[in-house]
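Undergrad: Protein chains in written order, with the working numbering: chain A, 17 to 330; chain B, 65 to 380.
It cannot be assumed that every hint is accurate.
[Unchecked claim] Partner residues aside, some chain B positions facing chain A, computed with beta carbon under 10 Å:
no., residue
1, Glu-108
2, Leu-123
3, His-157
4, Arg-214
5, Ile-225
6, Ser-238
7, Thr-337
8, Ile-348
9, Ala-352
10, Phe-362
No lab work stands behind these hints, which were simulated from the structure alone. Beta carbons are placed, not taken as given, at the ideal position from N, Cα and C, and that holds for glycine.
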Amino acid sequence: MTTYLIRRLFQALVTVLLVTVISFGLMQLMPGGPVRAILGSHATPANIAHLTHQMGLDRPVYVQYWTWLDGLLHGDLGFDYIQQRPISDLLFNALGASAYIVGASLLLALLISVPAGLLQATRRNSGLDHAFTVFSFVAYGVPTFFLGFLIQQWFEDDLRWVSVQNQVATFGEALTHPQAVCLPILTLTITTVAGYSRYMRSGVLDQITQDYVRSAQAKGASRRRTLYGHVLRNALIPMVTLVGLSMPALVGGALIVEYVFNIQGIGLLTTRAALQSDYGITLAATLLTAVTTVVGSLLADLGYAVLDPRVRFT
Amino acid sequence: MATAPDTTPGPPSDASAGTPPGRTAAPGGEPAGRPRSMFRRGAEVFAENRLALVSVGVLVAITAFCFLGPLFYHSDTSVVDLSAVTLPPGAGHPLGTDNDGLDELGKVMAGGQTSLEIGLAAGLIAAVIGALYGAVAGYLGGWLDALMMRVIDSFMSFPLIFLLIYLSSVYGKSKTMLILEVGLTSWFGITRLVRGEALAIKVRDYVAASRMMGAGGRRIVLKHILPNTIGTTIVNTTFSIADAVFALSTLSYIGLGLQAPDNDLGGMLDVGTNYAGQGFWWMIYPPAAVIILIILCFNVIGDALRDAFETRLQKR
């Protein structure tokens with residue numbers, strides 16, 4: 017277990033480091049460089065030289081990377097010259113709503129897709145199975161933004177079940193204004209369930225044909241006991257990894273629903289910054305979300321190790 | 065590392081992918097010495113999948129509609145006509161007009177063309193880079209492989225849409241740039257799968273024989289590994305195309321994709337959904353239907369191809 021833990025932690029660390037290298041590389045590759053991005057295309061050579069020196073951009077690349085990384089580790093993501101605020105402040109303010117939406121959608125998606133997959137697999141080729149398969153395929157094909165649009169149409173404009181008056185940015189605001197976040201969460205949950213339930217279904221199907229199921233039944237274990245005591249527990253194991261792997265898609269989906277439903281989270285902040293050619297925020301948010309997903313899949317893999325003794329002892 | 069389900073781009077399927085493709089012995093019943101080719105056997109399995117055949121038909125129809133349609137249905141989608149804005153479907157305009165007075169049917173054809181072109185081109189770029197990188201990493205093995213795969217892990221940690229938003233806002237939103245941006249960010253899944261197969265192929269006897277006869281790394285990668293992973297590559301290219309169409313439409317919807325006068329279906333939806341309150345449904349549902357059908361068809365076809373190429377899943 018300890019060896020596995022150490023190896024997995026080391027792996028995550030390398031991945032995070034490479035993520036920072038990639039982000040730094042993207043920053044370096046920006047046409048005209050960061051100084052041009054800040055000063056605009058009409059800057060004088062003297063101004064450019066001054067700011068270049070002031071920002072330390074005339075030093076060797078590895079020194080710049082190291083300084084930049086050092087700043088990152090201290091929570092310094094740079095300064096946003098358009099909004100005249102530290103980028104970390106801007107991101108931090110928007111983090112709560114995004115985290116709430118991603119977390120709630122993930123939880124709901126699991127609560128729906130695990131029983132749904134189990135039901136589909138145990139009643140394979142029934143009408144219910146086919147219906148759910150069709151649903152997940154169609155839901156997978158509908159772009160998230162369009163699904164969000166449809167949901168907004170039905171629930172806000174046609175049925176008038178939900179009326180949104182509040183701007184939501186922090187975790188607390190998201191918690192206290194369920195009206196404002198329920199539809200984005202619904203949208204993201206549907207797209208996530210479309211992916212998860214198919215995996216759950218095939219996971220259960222894989223397990224049901226195993227020898228241990230026959231053994232359990234031969235010993236006289238009830239159907240319920242075989243299903244919940246053996247099959248479900250084993251089928252859940254790959255789901256844990258799937259959750260880790262689907263983190264980037266989930267965070268990306270959150271960006272889209274934030275845009276559609278006007279939630280002041282990381283996604284909307286990023287989109288608005290990009291539309292204003294404010295690259296600093298865009299890149300910082302990209303980096304932040306990437307690091308978050310690395311941590312997310314690390315946690316999932318650790319959960320995997322707890323659940324599956326085979327991982328622990330190899 | 066835990067035995068993770070493979071991260072196939074595209075819809076999750078009953079089968080977790082990742083087994084070596086065909087080229088095993090012909091199933092029983094075939095006379096020995098005449099093994100059927102992987103493609104022929106695959107085609108037979110594919111032909112039995114009725115849903116996949118329907119999808120191919122729909123996709124061909126959509127492609128014909130978008131590319132050949134304008135030859136028969138003439139409409140001017142470039143000159144703004146303020147005397148004919150947001151007309152409902154009727155004579156002269158079978159699908160009505162948009163907020164600029166442009167013919168909606170003509171715009172759907174043009175937008176569909178753009179979406180398909182960019183999706184296909186980006187998917188192909190992803191396939192070429194992904195297969196090559198994966199084959200090389202698998203062939204090299206050792207710490208180089210480990211490093212190359214950690215780089216892939218890192219790229220895959222970035223939520224794709226964030227990366228695309230950054231790239232399109234910095235490097236531009238022209239058709240060519242979008243093809244490159246989407247193509248260069250969607251090959252990581254293919255790479256993982258191809259690399260997994262390359263690891264299995266490079267220890268096979270025929271590779272050893274080839275090496276003994278003096279074949280170098282380049283020859284082994286190009287002549288042995290890549291041809292033997294072609295099934296996986298084709299399957300996942302199909303999913304890549306669906307994902308590229310999806311990503312592109314999302315970018316355009318949030319205003320960071322193609323810019324006027326170029327337009328794709330996502331951009332049309334961006335405009336159309338702004339008019340949802342006025343009930344101009346013809347500006348929303350036709351482009352949406354085309355986009356959804358394109359994505360759906362490619363995913364169904366990819367699923368069927370996977371069944372067709374993976375001998376493990378076939379009835380024997």
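Undergrad: Does each hint hold? Answer for all of them.
TA: Results of checking the hints against the structure:
| no. | hint | result |
| --- | --- | --- |
| 1 | Glu-108 | violated, 23 Å |
| 2 | Leu-123 | violated, 13 Å |
| 3 | His-157 | violated, 23 Å |
| 4 | Arg-214 | holds, 5 Å |
| 5 | Ile-225 | holds, 4 Å |
| 6 | Ser-238 | violated, 14 Å |
| 7 | Thr-337 | holds, 5 Å |
| 8 | Ile-348 | holds, 8 Å |
| 9 | Ala-352 | holds, 5 Å |
| 10 | Phe-362 | holds, 9 Å |
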